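Generate the whole structure from the sequences, applying the supplied hints.
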Amino acid sequence: MSHGPCDKCEELLQGYLDRELTEPERVEAELHLDGCEYCRRRYRFEETLRVYVRTTAEERMPPGLLEKLTQLRSPAP
Amino acid sequence: MGEPEPDIEARRIASSARDRVRFEEEALALADQVYRVARRLVGSREEAEDLVQETYARAFRSWSSYTPGTNLRAWLLRILTNLNLDRGRKIQRTPDVQPLEEGDYYLANRMAESQGELALDQDKVVERLSQDSIVTALSSLPHDFRDVVVLVDIGEFSYADAAQILDIPIGTVMSRLHRGRRLLKQQLAEEALS
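Chains A and B, in that order, are what the protein sequence lines are. If you read the first sequence in this note's numbering, its first letter stands for residue 3, the second for the next number, and so on. If you read the second sequence in this note's numbering, its first letter stands for residue 723, the second for the next number, and so on.
What you were told as hints is all true, and nothing was included just to trick you.
Pair ranges (Cβ atoms, derived):
hint, chain 1, residue 1, chain 2, residue 2, range
1, A, P65, B, V743, 19 to 27 Å
2, B, D808, A, K70, 15 to 23 Å
3, B, A732, A, E27, 54 to 62 Å
4, A, T50, B, P790, 34 to 42 Å
5, B, A732, A, E13, 53 to 61 Å
6, A, E27, B, E768, 41 to 49 Å
7, B, E878, A, L68, 17 to 25 Å
8, A, T24, B, I735, 41 to 49 Å
9, A, D36, B, Q755, 34 to 42 Å
10, A, T72, B, N793, 17 to 25 Å
11, A, L19, B, A736, 44 to 52 Å
Facing chain B, a subset of chain A residues (Cβ under 10 Å, in silico):
hint, residue
12, E12
13, E13
14, G17
15, D20
16, E22
17, E48
18, V55
19, R56
20, A59
21, E61
22, P64
23, K70
24, T72
25, L74
26, R75
Hints were generated in silico from the structure; no laboratory data involved. Since we're looking at a predicted model, the values are computed, not measured. C-beta atoms are modelled at their ideal positions from N, C-alpha and C, and glycine is treated no differently.
See the structure below:
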């Protein structure tokens, strides 16, 4: 059961969001988005969510780790 | 025939040492990005630190099997995900995945149902999600799905790189990504609406 009218678009949307579509597929996705309010809103939602996940879940390397990694280097010949 | 001439041999050794130093420096320059992915693949900061250290220890030992000019970050992540898999198989069990009945827009649909159409305003929906809820939701994903979601969404790897890192077909990357993101949204919806 799908709540959206566009199963085909769901498939295209993932590749479109990840910039993984071939050129003809990308054109097809954009044409569809131009004409479909439902998918356009979904697309904006998904894109925002994805950026949010990426930025929120990011955590910088703890201080000291780089130093520990540097010590793993092989000794100079 | 016979032994190589001493100065040729000395030059070969010096050149190899330079290659190794360059490799180590390039690898260390990627440490922050490698850690960022590691941190979301495992449950704790300590585990992530251990995993990154093991990865670099192994990378430095086997540096000569890296082909210069290829994607070093992907090469390091391949070591890391293999090490993580070895650990995971020992201590973690993949939970059963419940099939989802809704489409790809689980979170948006649930939000819309609970709040009316306004909820589809992405800022309003996203505002309701805390940093903790994203992190918790990611860590609750079964490993196979989490690996792909983290590599593509946090590590910003292409499908092809993710496929190579995890040694699975691209089609599997795509389906796990789709499924993993749906599970993520389901988790987030449950949290945001609870």
